[in-house]
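Protein chains: 2
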Amino acid sequence: MDTELAVVLVSGGMDSCVTAAIAAQERRLALLHVNYGQRTEERELRAFHAIADRFHAGHRLVVSIEHLKMIGGSALTDPAIPVPESDPSHPATSDPRSAIPSTYVPFRNAHLLAIATSWAEVIGAKRIYIGAVEEDSSGYPDCREVFYQAFNKVIETGTRPETRVVIVTPLIRMSKAEIVRKGVELNAPLELTWSCYQDNDLACGRCESCALRLKGFREAGVPDPIPYRRDR
Amino acid sequence: MDTELAVVLVSGGMDSCVTAAIAAQERRLALLHVNYGQRTEERELRAFHAIADRFHAGHRLVVSIEHLKMIGGSALTDPAIPVPESDPSHPATSDPRSAIPSTYVPFRNAHLLAIATSWAEVIGAKRIYIGAVEEDSSGYPDCREVFYQAFNKVIETGTRPETRVVIVTPLIRMSKAEIVRKGVELNAPLELTWSCYQDNDLACGRCESCALRLKGFREAGVPDPIPYRRDR
Numbered sequence: 001m002d003t004e005l006a007v008v009l010v011s012g013g014m015d016s017c018v019t020a021a022i023a024a025q026e027r028r029l030a031l032l033h034v035n036y037g038q039r040t041e042e043r044e045l046r047a048f049h050a051i052a053d054r055f056h057a058g059h060r061l062v063v064s065i066e067h068l069k070m071i072g073g074s075a076l077t078d079p080a081i082p083v084p085e086s087d088p089s090h091p092a093t094s095d096p097r098s099a100i101p102s103t104y105v106p107f108r109n110a111h112l113l114a115i116a117t118s119w120a121e122v123i124g125a126k127r128i129y130i131g132a133v134e135e136d137s138s139g140y141p142d143c144r145e146v147f148y149q150a151f152n153k154v155i156e157t158g159t160r161p162e163t164r165v166v167i168v169t170p171l172i173r174m175s176k177a178e179i180v181r182k183g184v185e186l187n188a189p190l191e192l193t194w195s196c197y198q199d200n201d202l203a204c205g206r207c208e209s210c211a212l213r214l215k216g217f218r219e220a221g222v223p224d225p226i227p228y229r230r231d232r
Numbered sequence: 001m002d003t004e005l006a007v008v009l010v011s012g013g014m015d016s017c018v019t020a021a022i023a024a025q026e027r028r029l030a031l032l033h034v035n036y037g038q039r040t041e042e043r044e045l046r047a048f049h050a051i052a053d054r055f056h057a058g059h060r061l062v063v064s065i066e067h068l069k070m071i072g073g074s075a076l077t078d079p080a081i082p083v084p085e086s087d088p089s090h091p092a093t094s095d096p097r098s099a100i101p102s103t104y105v106p107f108r109n110a111h112l113l114a115i116a117t118s119w120a121e122v123i124g125a126k127r128i129y130i131g132a133v134e135e136d137s138s139g140y141p142d143c144r145e146v147f148y149q150a151f152n153k154v155i156e157t158g159t160r161p162e163t164r165v166v167i168v169t170p171l172i173r174m175s176k177a178e179i180v181r182k183g184v185e186l187n188a189p190l191e192l193t194w195s196c197y198q199d200n201d202l203a204c205g206r207c208e209s210c211a212l213r214l215k216g217f218r219e220a221g222v223p224d225p226i227p228y229r230r231d232r
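Order-wise, the sequence lines are chains A and B.
Heads up, the first sequence is in the numbering used here, so the first residue is 1 and it goes up one at a time.
Heads up, the second sequence is in the numbering used here, so the first residue is 1 and it goes up one at a time.
A portion of the hints provided could be inaccurate.
Copies of the same chain look alike in the list, so a pair counts if it works inside one copy or between any two.
Below, a list of computed lysine-lysine pairs in the BS3-like style, where the Cα atoms sit at most 27 Å apart [as the list claims (entries may be wrong)]:
| hint | residue 1 | residue 2 |
| --- | --- | --- |
| 1 | K126 | K153 |
| 2 | K153 | K215 |
| 3 | K126 | K215 |
| 4 | K215 | K182 |
| 5 | K126 | K182 |
| 6 | K182 | K153 |
| 7 | K215 | K69 |
| 8 | K182 | K69 |
Rather than coming from a laboratory, the hints here were simulated on the basis of the structure.
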């Protein structure tokens with residue numbers, strides 16, 4: 001099989017699962033998962049392996065980094081900062097000067113892309129797929145298209161001249177409902193995914209990530225196949 | 001003391017020590033060291049702490065990352081790839097297609113900058129100093145000025161709008177001899193630094209890094225204060 005390899009960042013959530021399904025249409029998969037001390041690390045890792053098994057990924061790399069937790073500054077990595085519940089009329093922010101939610105992990109996606117790029121350079125993959133969503137998202141700065149365009153320039157200037165790795169963001173302009181529909185169309189295993197920021201057993205249904213996911217399924221007219229807590 | 005904070009990447013080598021001395025002229029220091037599974041990890045960490053003590057650094061962060069060793073592809077992180085000895089007429093390369101030496105650690109400096117940026121964003125530092133040298137160096141792609149210019153754009157687009165962190169590369173256009181002279185001028189503790197890629201006890205004097213360092217001291221007309229193996 002001489003299809004080209006692609007590194008796909010798979011958190012275990014819905015967006016990265018659909019991204020892997022898109023990449024699998026034309027590339028051999030090298031799936032990368034990064035634990036960074038987030039609250040639901042264990043549950044997301046389980047989802048990653050289940051998704052990787054389903055895609056029969058030939059290459060898989062799990063990396064654990066401790067420094068984002070050491071550095072802190074986010075509700076996802078610092079237990080002292082509560083995960084906000086979603087309120088569409090008053091988006092939760094950690095800082096009145098900023099429209100960025102407290103679940104933003106400072107510059108997290110740059111760490112993920114650096115790891116993906118080093119791996120791609122060594123195994124000879126020419127593309128890195130990441131399921132970032134700009135429009136219908138939490139508003140994290142490192143999920144915007146301009147950030148990925150800038151990072152492509154960093155890869156071009158910071159790797160061997162023959163490396164030529166490019167970041168691909170197939171979901172960047174999609175709504176959550178479009179992502180659900182695309183996943184259903186490609187038979188992506190959405191039942192294996194985990195999106196909740198707060199819990200590891202049943203999804204809370206209340207955090208920003210659950211709220212965005214549920215909105216997507218509702219608008220797509222498709223039932224969400226994962227279990228939620230009853231009291232939501 | 002309300003001087004602004006600056007994050008300085010300090011490997012423990014001569015270049016980063018001089019960079020810290022430059023930063024210390026106008027900023028309070030937050031010194032960052034990253035272990036990445038390189039051969040001389042332990043010796044470099046010792047040098048880092050000695051340098052940080054000398055500068056009375058108020059903030060210091062030591063991060064250990066395992067993934068650059070897991071990913072491999074470099075003589076510095078893979079024991080199966082020998083560290084080449086320096087031969088100025090025939091620079092050692094791992095790959096005939098490329099002019100990049102086998103000691104290049106794929107995209108390493110992007111990892112270091114990502115960690116520095118996250119830390120700077122959380123502690124409120126506005127500058128990241130890194131002792132990269134472009135001209136008189138091993139020719140690593142991630143030591144070139146264009147790489148740092150591109151990374152500044154990634155920081156601008158990927159962090160909170162109020163963050164505004166900028167990378168500063170004071171040595172980028174200096175020769176090794178100019179760096180030695182600047183270190184002597186600023187009373188930087190060059191006797192505490194470690195540059196050797198190969199050994200942990202006495203510097204080998206033969207690897208690219210020792211050769212560049214020795215050339216710098218020779219051209220500056222200053223004796224190198226660290227001990228070398230006799231047989232070099």
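We went through each hint and held it up to the structure:
1. Proximity of K126 to K153 under the C-alpha cut-off of 27 Å is found in both arrangements, the shortest distances being 14 Å within a copy and 23 Å between copies.
2. Proximity of K153 to K215 under the C-alpha cut-off of 27 Å is found in neither arrangement, the shortest distances being 35 Å within a copy and 33 Å between copies.
3. For a Cα distance limit of 27 Å, the shortest separation of K126 from K215 qualifies neither inside one copy, at 34 Å, nor across copies, at 38 Å.
4. Taking identical chains as interchangeable, the C-alpha atoms of K215 and K182 lie at most 27 Å apart only when both belong to the same chain, with a minimum of 15 Å there against 59 Å between chains.
5. For a Cα distance limit of 27 Å, the shortest separation of K126 from K182 inside one copy, 24 Å, qualifies, whereas the shortest one across copies, 42 Å, does not.
6. Taking the closest pair of Cα atoms, K182 and K153 never come within 27 Å of each other, the shortest separation being 29 Å inside a single copy and 32 Å across copies.
7. In this assembly of identical chains, K215 and K69 lie within 27 Å of each other by CA distance neither inside one copy nor across copies; the values are 30 Å within and 41 Å between.
8. For the identical chains of this complex, K182 and K69 are neighbours neither inside a copy (33 Å) nor across copies (37 Å), given an alpha-carbon limit of 27 Å.
The structure does not agree with the numbered hints 2, 3, 6, 7, 8 stated previously, though it agrees with the rest.
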